[in-house]
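2 protein chains.
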Amino acid sequence: MGQSIFVPKEIDVTEGRVAVSPETVKRFVGLGFDVVVEKNAGEQSRIVDAEFEKAGAKIGKASDAGKADVVLKLRRPTPAEVKTYKKGALVLASMDPYGNEGDVAAMAAAGVTAFAMEFMPRITRAQSMDVLSSQANLAGYRAVIDAAAEYDRALPMMMTAAGTVPAAKVFVMGAGVAGLQAIATARRLGAVVTATDVRAAAGEQVQSLGAKFIMTEALKDASGEGGYARELTDEEKKAQAELVADHIAKQDIVVTTALIPGRPAPRLVSADMVKSMKPGSIIVDLAVERGGNVEGAKAGEVVTTANGVKIVGHLNVPGRVAASASLLYAKNLYTFLETMVDKEKKVLAVDMEDELVKATMLTHDGKVVHPNVVDTAKPA
Amino acid sequence: MGQSIFVPKEIDVTEGRVAVSPETVKRFVGLGFDVVVEKNAGEQSRIVDAEFEKAGAKIGKASDAGKADVVLKLRRPTPAEVKTYKKGALVLASMDPYGNEGDVAAMAAAGVTAFAMEFMPRITRAQSMDVLSSQANLAGYRAVIDAAAEYDRALPMMMTAAGTVPAAKVFVMGAGVAGLQAIATARRLGAVVTATDVRAAAGEQVQSLGAKFIMTEALKDASGEGGYARELTDEEKKAQAELVADHIAKQDIVVTTALIPGRPAPRLVSADMVKSMKPGSIIVDLAVERGGNVEGAKAGEVVTTANGVKIVGHLNVPGRVAASASLLYAKNLYTFLETMVDKEKKVLAVDMEDELVKATMLTHDGKVVHPNVVDTAKPA
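Listed in order, the protein sequences are those of chains A and B.
Position one of the first sequence corresponds to residue 0 (numbering that gives the first Met the number 0), numbered consecutively onward.
Position one of the second sequence corresponds to residue 0 (numbering that gives the first Met the number 0), numbered consecutively onward.
This is chain A alone, in the form it adopts within the complex (with noise of 0.2 Å):
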């Protein structure tokens, strides 16, 4: 069809992903696209520029953006970066849009249909699209590992001729998709596991894991939309923290992934807590991105407290294990834009009364048009 999609290196150094991967390169031809990747994108996810081109890929540079009809991303593109896009490219990434909407404008003015994909609804007919699920997948896994290797002891109970080296007591605060992950690869490894949840259903799957959940009486359940939690009313919080406090001063590993949409991260973990903590005590915050879980915990450091815990924020988890990482990412991006296929006709054709569609869509035709995006060109 002579439809095109551009994959850029991306521009910010901590990313190591790349967004699409031989495999969906080889689909995407397939469906009729001629596929232009940048230059050495996929070289830190460990797939050489030789790969794309076997699978059907020219390799280019920066600049062809801006011949092409789709571009796929990890991070939502700079407003200098989208100004070189074709007016009215569909842009795919993950926008991030809270808190950027300086940048979205940008994306409205400069054209393009931007889609972000963290918007994703979590529906059936969409799993298989869900970069949340896909990368919070991997981070769980990662934030065991960078525990373990921060940690002093031995995760596993190790009986041995010199005595026994008791298991490691992991405990994972929030059970959505990373905490679960977290949860298994902590029990792989040997540890003694509790997890907590503010959504009563995560109890069941915590169990299934082998690890023990702990809730506070006070705290029925707080579902909220899309599998998230809801935020907590003060008097929750209240019961919520004095159940943390009781239980993780006794505990070597905790790992914190709570998340609510489109809001900060809620605190779990107080200064108070940390103290209570033993010295060589582990904390992995995988919320530092969104300011953190646990007080006293740095985006892109790992800070060690007067009392010794080590409090542990790696940015972009993910990207830790970006091979992996790029190959779910690139699936979860081409599955979507498949739908936005005619595949008869071979050409782009989006649905605008599609619900991914709508509830992905940030901008389109020079206008911010999704409705959870304030549109700062417009009088609030």
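No wet-lab data here; the hints were simulated from the structure.
Predicted, not measured: the structure shown is a model, and the values here were computed from it.
Take every hint as true, because none was put in to throw you off.
In this list, chains with the same sequence are indistinguishable; a pair is considered to hold if it fits within one copy or across any two.
Computed list of lysine to any residue pairs in SDA-like fashion (alpha-carbon distance at most 20 Å, straight line):
hint	residue 1	residue 2
1	K297	N315
2	K8	P278
3	K277	Q43
4	K309	R319
5	K237	A199
6	K309	A148
7	K277	D48
Please arrange chain B on chain A, whose structure you already have, making use of the hints.
Just chain B now, with coordinates in the frame of chain A:
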């Protein structure tokens, strides 16, 4: 009894382990010893001075070594250190005597009775005193955690809505204590594990951990003394190299653990083999302090080769899980020293005819007494 034990803070800054634990302090006190631990000696092993005090130790300073009847250490004392010890004192440590004969002579000259814990015979009675085993076990665990931390994919197979992440392929070379624990840890994490060893008897142990044992036909068995392997013939080396060359190119993670007592580590992985591996693959060389099993490994560094393979050469790998390592090491030392105490009279009583004493004693009464260690004071 008034006889005393001193435990210094290690001079080597890379050494975070400590030679006693609160548990062993308590037991030494129970045997009638006065125990003095140097200030902050347990800091990096997560044992604060207050815990040693609670167990019955006094907190002292480096110069207290001069009053002690027994000094317990991780590393061989330097000539400067040993000069400050009391004549006739017993010194228990990992002495690493080969190639360090000058330091051994200095211990003889200082008049101390030095025991090389790593010479402990591998017999049932001495199992609980075997520092090589207790520390190698933790090194094997940590090697896999270090590999997982460097690796840009997940180790377990993950079946997700966006496709399947395949399990990592892990190859463990040398199935001694470290190798077996590396196999167990990689299996826990869900990797597909293969292992090789030149000792045929290792095959069953490898298989019992759920890994596949591979061994060349040309090499029937190369078991040596004390559970170690003997050195291979040139023909055997060639057959082994061919086997490894075929296999290693398909692996994601390789852990090498091959040591021959008193000799440099055997070279198992050539630069060509490293070159045959995929970019992003990881090699952890646990023998790097003994010259390394892997061509291109550097002690204390993570080397990335031109083809994108990372060769991990951390020093003192058990010290990377110092808190666990110290507890086991301390117990090893306790159990051995206990055999040299007359419990009725509550005094030290070294039985020069005891096979453990004979096997481990390096210097005594001003002389180097171990048959395997050259006395540099004597003409060769």
